[in-house]
Amino acid sequence: MAATESDPPPAPPDPARSPRAPHRWRDYALLLALACCWSSTYPLTKIGLGSIPPITFISARSLIAAGFLLMILRARGMRIPADARAWKLFAQQQTINSTIPFLMITWAQQYVAAAPTVVLASTTPIFAFLITWGITRHEPATLLKLAGAVLGLAGTAVIIGLDSLGGLGGNIFAEMAILVATVSFACATIFGLRLTEYDPMVVAAGSLLFGGLILLPAALIVEHPWTLRPTPEALAATVTMGIFSSALGLMLFYMCLTRLGTLTTNAQGYLRIPIGVGLSVVLLGETVPSNLALGLLLVMAGVAAMTVPGGGYGQRIDQFRARLNGRKSGPAAEE
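For what it's worth, the numbering used here labels the leading residue of the sequence shown as 123, then goes sequentially.
It is worth saying that the hints were derived from the structure and are not from the lab. It is possible that part of the hints are untrue.
Unchecked claim - Label pairs and their calculated CB-CB ranges:
(1) Arg316 x Ala340: 36 to 44 Å
(2) Asn293 x Arg146: 40 to 48 Å
(3) Trp348 x Val404: 45 to 53 Å
(4) Arg198 x Met422: 15 to 23 Å
(5) Gly256 x Ile294: 21 to 29 Å
(6) Gly189 x Lys210: 19 to 27 Å
Using N, Cα and C, we set each Cβ at its ideal position, and we do this for glycine too.
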């Protein structure tokens with residue numbers, strides 16, 4: 123039946139529910155690159171916070187990252203959109219993906235040791251699975267992916283050391299703050315799909331610019347950054363974290379969301395743990411955990427389970443059976 127003038131225009135496709143192309147090895151290479159960028163967060167933050175207070179540190183690295191991306195966008199002949207809708211999305215995404223959770227975790231780390239913090243912060247994939255399965259249902263939330271999230275969390279706990287988790291429960295409010303921050307991270311990976319219509323570099327630049335500017339007044343009022351005497355190592359850590367962890371990392375994050383979906387993108391949270399441990403050993407001289415091999419095995423099993431496409435195992439089994447049947451019927455057909 124022909125459409126009439128009174129008929130409403132067709133709704134634009136929902137990127138969260140539109141079918142995705144099959145995953146390629148380049149997509150998983152992006153996921154590994156994202157894990158490498160974000161794994162440097164742990165040692166670089168420790169170096170930077172040695173002489174730079176947290177609000178100033180977060181604002182500075184965000185503004186450095188935004189400036190870096192804006193220069194690249196200008197070289198590419200691109201601009202950040204100026205409409206209110208785009209900036210509303212940038213503001214909402216940056217708030218739940220960076221500003222609020224980073225401030226909560228930074229505050230909580232004053233009362234919770236580093237090892238329990240890492241394990242608690244690694245629950246993001248589990249929360250993302252529960253939100254996807256119970257609320258949004260924008261992509262298949264299979265039991266295999268849940269098993270992968272649990273295996274990855276177990277591997278993280280083993281790498282950090284089960285003995286170091288004995289202090290959990292010592293400050294329940296700080297630990298709850300870390301868990302709330304991880305829920306915020308999980309929501310950010312899901313609602314970040316609303317930004318897939320924009321170039322990932324544009325989204326990263328706009329979000330980081332908003333995040334840096336919104337924290338700048340608080341840094342000026344509370345921490346008086348002009349009175350600070352940061353060490354050269356802290357300044358280098360701030361610039362490095364701004365360019366690699368924030369600018370490149372956030373751009374890769376939105377690329378992975380578009381290509382791999384939320385549950386698979388969250389798998390990078392577990393890849394960051396062994397990479398971050400390795401960087402801590404190299405940059406900070408920390409010792410290699412005794413259970414690293416077992417933890418790595420669990421982490422890689424969890425990541426494999428979380429990154430396999432929906433129906434991937436079933437399709438491979440069907441293809442394998444078809445090949446076997448073809449081999450069996452081949453000689454008979456020739457006879």
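Does the hinted range 36 to 44 Å hold for Arg316 and Ala340 at CB? violated (27 Å)
Using the beta carbons of Gly189 and Lys210, state whether their distance is inside 19 to 27 Å or not. Roughly 22 Å apart at Cβ, these two residues keep to the hinted range, so it holds.
For the hint 40 to 48 Å, verify it against the beta carbon of Asn293 and that of Arg146. With Cβ atoms ~45 Å apart, the hint holds.
Taking 45 to 53 Å as the hint, is the beta-carbon distance of Trp348 and Val404 inside that range? The hint (45 to 53 Å, Cβ to Cβ) is violated, given that Trp348 and Val404 are roughly 34 Å apart.
Arg198 paired with Met422, Cβ distance criterion 15 to 23 Å: violated (36 Å)
Quick one: are Gly256 and Ile294 within 21 to 29 Å, going by C-beta? holds (25 Å)
Hint check: violations occur at hints 1, 3 and 4; the rest are consistent with the structure.
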